[in-house]
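**Student:** Add chain B to chain A, keeping to what the hints say.
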Amino acid sequence: MARAGGITNAVNVGIAVQADWENREFISHISLNVRRLFEFLVQFEATTKSKLASLNEKLDTLERRLELLEVQVGTASANPHLFTT
Amino acid sequence: MQLAADMQRFSRPERRINGPTTTHLWSMLKLLDVLVQLDHLKNAKASIPNDFSWYKRTFTQVSIQWQDIDSMREELDDLQIFLSTRWAILLNLHVEMFRVNNVEDILQVLIVFAVESLELDFALLYPERHILLRVLPVLVVLVTSSEKDSESLYKRVKINRLINIFKSDPVIPAFPDLHLSPAAILKELSMYFPKISAQTRLLTLPAPHELPPREALEYPSHDLYIYTYLLLLLKSTDGADIEWSKEVKGNMYDMVIEGFQLLSKWNARIWEQCAWKFSRPCKDAVPSESNESLASYSDYEKVVRYNYSADERKTLVELVSYIKSIGSMMLRCDTFVADALWETIHAEVQDFVQNTLATMLRTTFRKKKDLSRILSDMRTLSADWMANTSKPEAELQSVQHSGEEGKGNFFYPRPVAPTAAQVHCLQFLIYEVVSGGNLRKPGGLFGNSGSEIPVNDLKQLESFFYKLSFFLHVLDYSVTVSTLTDLGFLWFREFYLESSRVIQFPIECSLPWMLVEHVLESQNAGLLESVLIPFDIYNDSAQQALVVLKQRFLYDEIEAEVDHCFDLFVSRLSDTIFTYYKSWAASELLDPSFLFALDDGEKYSVQPMRFSALFKMTRVKLLGRTIDLRSLIAERMNKVFRENLEFLFDRFESQDLCAIVELEKLLDILKHAHELLSKDLTIDSFSLMLNEMQENISLVSFSSRLASQIWSEMQRDFLPNFILCNTTQRFIRSSKVPLVPVQKPSVPYAKPNFYCGTPDLNSAHQSFARLYSSFFGIPHMFSIVRLLGSRSLPWLIRALLDHISNKITTLEPMITGLQEALPKSIGLLPFDSGVTGCMRLVKENLNWGSKSELKAEVLRGIKEIGSVLYWMGLLDIVLREVDTTHFMQTAPWLGLLPGADGQILHHQDGGDSPVVNLFKSATSAIVSNPGCPSPTSFCTMSKQAEAADLLYKANMNTGSVLEYALAFTSAALDKYCSKWSAAPKTGFVDITTSKDFYRIYSGLQIGYLEESDQAPSNNREVLGDSVAWGGCTIIYLLGQQLHFELFDFSYQVLNVAEVEAISVAQTHKNPHFNQGWEVVLEAMKKARRLNNHVFSMLKARCPLEDKVACAIKQSGAPLHRIKFENTVSAFETLPQKGVL
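Respectively, the protein sequence lines represent chains A and B.
Per UniProt numbering, the first sequence runs over residues 1 to 85.
Per UniProt numbering, the second sequence runs over residues 1 to 1140.
This is chain A alone, in the form it adopts within the complex (with noise of 0.2 Å):
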């Protein structure tokens, strides 16, 4: 690229990089809607999951009554001469 000789065949790379802008346009284009599209798919997997987790938590909280009333119920259970009267 020596100073004084600039670009012999201006016509020539003109069009080059006119095909060049043409064909990174497409490409850029359909790369950032891949991004995008797995940004969606992140950003579901994160909606997702806080989902999942209030989920989780309601039904710790469910399965802990649910384990107190069984206990309840067996010690109801055990001693059936209670309830004869």
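Hints were generated in silico from the structure; no laboratory data involved.
Among these hints, one or two may not hold up.
Result set (DSSO-like, lysine-lysine): computed pairs, CA atoms no more than 27 Å apart in a straight line [said to hold, decoys possible]: (1) B:Lys-265 <-> B:Lys-467; (2) B:Lys-467 <-> A:Lys-49; (3) A:Lys-49 <-> B:Lys-621; (4) B:Lys-616 <-> A:Lys-51; (5) B:Lys-550 <-> B:Lys-30.
**Tutor:** Okay, now just chain B, sitting in the frame of chain A:
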């Protein structure tokens, strides 16, 4: 190492090829930087020479068998010399450069470039800035190797400029845990390069480099930035108009650049502060732990742990959170802003290439062939002429039209960025245009006035030139952001690990953990939300360890530390949360009037903190793992609430019954805290936890931990050792040594947050509780009723009633023993013998001298029965009050109206009660509405209303506990009725009988009244008023009240004394007639008053007289007593003790 020096040799000639481009300059600078860093690392780390000498020794031993070892040994020697010489690479480089001539030019160019970039401070991200700062002193050293050279340098760059740069940044970070000081480099190397020693002396005085208080600086820019950024994002979403959206996109580009610059500035600050701290270890010992000598601290502790003040930690946390928040925000918008950025850059480039350059070509450069060719090259390389064609035809027309008469070409925006090659080419070409390839030009890059290019164009070129250098960063958006937000360097400390010869430092020394700890300790509501931010540092450093350094062991270390830290953090955090909610609840439950009257009431109020943001953290990303912080906290909260309940019960069990008020208060606080917390966090319901900890979940058990504790406490301590004071309605502990020594576990220790939160609140609540701690009265009974509830209370009552009947059974043989010791018949006391005579006569009759033990035993038994009965009386009062309140609340709903005579009337219309009606009508209205989603649930609700109505109505008229207890007692007494009240054979009152209970009791009574004369207030202290309650109740229930009132010894003595007093008063013979008896008489009067009180109470609560009256037959012969229908077995409805 050797390789590096070789590389340097190779790199020499290559530099002179083409005129250097900017990229070229940069790569040279970077190469130099790497060399400097390597050199520095070699200087600082002792391990490399150490390892090598070890290797060499081994090698010498091993190599004996080999041949041809001379060359190897030579090489090794070289290597050792190289390793042991400081700045060996630099010296080598210097020597090499002297061999090649003309390097000074390029070095000067490099210096100029570096200085200008530093001074402009535009388009420089912090890593580049640091590179320049590191390289600059070395360059200066290299250039000024001779007098002539240095002069020529100072001709181009004034020495003051250099010194200013060095002064403003006296310490530069080289590695995460290593720093570099330009002044030190210059000073050290000036031994080899004596020419600049004069200048370096100036530099050895480092400017006072204090870190500015950041808040004033950062807050506005941070907040402003976030607001504008969000605003822009909002705007851009609905941008339809092209012109307008172009403007918005331009703004967006500006915002992104600004964001980069902010991030870079902040991150550089942190780096620099870090380096500064490393270079200035804490000098003085920490005052708080002064007993430890400074020598015991490792270097790292001096440098990090004690080197950051609280304010500095706070600002560091804030800064880190700024960086992280903006960084994550920008990363999130990556794809969102990408096309806007591309479009803007495209537009900028095209605008420059197509318009500005075209203008320049037409005007300025028309005559200069060389320059204009460069310019047209630029156009060829990067212009996007055809972008216009992709538009609709009509628009194109108009655009072209306007473009012709407007300011040049209009081009259609195309969201495509120029390639890196294009950018580099443009940069190079502009540089060429401006400098004309002449390196020796004086002045700066764009500052040369000697060029033929007009100032105006120069300006345009210059601004575009710098813009270009930033385009690359912008195009590499996500990488730039993550570089700029990478704070992993805060963790690394290998250098200090090696120098202190330890495997790992304690966690308190770790900077991220220090920050977390500071946030937790500072109790600063604003800071608390960024408590998780320091953990991001671990993420960064783990990333760096794996991706950049590629060292598995570092990652393992980080992982271990993170595991440890996070556990610690969660437990500390939940502790803080619990304490906060506890003290909040405690301060809300303090009496407001008390607070109002207090001067320093503020210390009981709680600083509001917001944990809600932390409670929303369900996905904390940590080293690739996703952690649900919320569920972790909830889990711990569930646990800590249970532990606290356990502790409260333990504490109650180690105290006496009077502590029940305190227990209730503490439970209330806990419950309130639970209520407050469960607004933000889902935790188990309080009643569930309470039941669990009370061991009360069984459906068929009515006892609970608390109830059985109350009961055993009453049995072991309360009934034997407490005495009743009838006037104050209180039981107090007898001051005598307890007859039954009570063994109790010691009060368990707990942190203040298991009481009320903060120590201040603890003492406040403690002083309230202390008021109730030494007696048992109505408030305690209220607490018992509230704590036990309708579930366990009947169990307790049953236990107490059983206690009464047991006591009576045990008393029976003793009373029989006393009965046997009495004479067959006891007559009335003669009035003529006076008080003294009467007392003597009584003593003769009551010849129980040998049975004083038995006497005391019987008295105690009677006292316990009386205590239980009085306790029931208190319970009755409290239950009445509770029931009344309850009734007042439910009556309007149940449709109960007060009648004219005070009786309860039921609702007139005879239909359902208001609550049922209400729900019924509501249900029908809702169900009739077709839009109702679930009519069944409303039907259920109305059914439930009916059930509630029934339940509440059934509970309307509850009986009196006291009456029940009295009935029970009388039923229990029935067994002994024959023994204790012999029915008179004549059918009339038997005066002389000695077998009846009342005789025993009056004998006991006069006995202890007399004793109280001899040892004043002795018996009262032991027995209290409950003896009267117990005795009188038994007498009353046996139907012997009238007998007692007539034939009681003390009553008779009182009568005698009265008569005597009148007669003495009439005769005036002896004013001090019954000297010595006043005390006894006074005590007797008191006893009579008390007995009367008890009898009247009993008459009111358990009327017997009518039954007695009924019992007089028509023949006139009275039946002694009607037998009650009640037997003990009739009371089986109460739950029995011992049933599970």
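**Student:** Evaluate each hint against the coordinates.
**Tutor:** Results for each hint:
{"no.": "1", "hint": "B:Lys-265 <-> B:Lys-467", "result": "18 Å, holds"}
{"no.": "2", "hint": "B:Lys-467 <-> A:Lys-49", "result": "42 Å, violated"}
{"no.": "3", "hint": "A:Lys-49 <-> B:Lys-621", "result": "12 Å, holds"}
{"no.": "4", "hint": "B:Lys-616 <-> A:Lys-51", "result": "12 Å, holds"}
{"no.": "5", "hint": "B:Lys-550 <-> B:Lys-30", "result": "21 Å, holds"}
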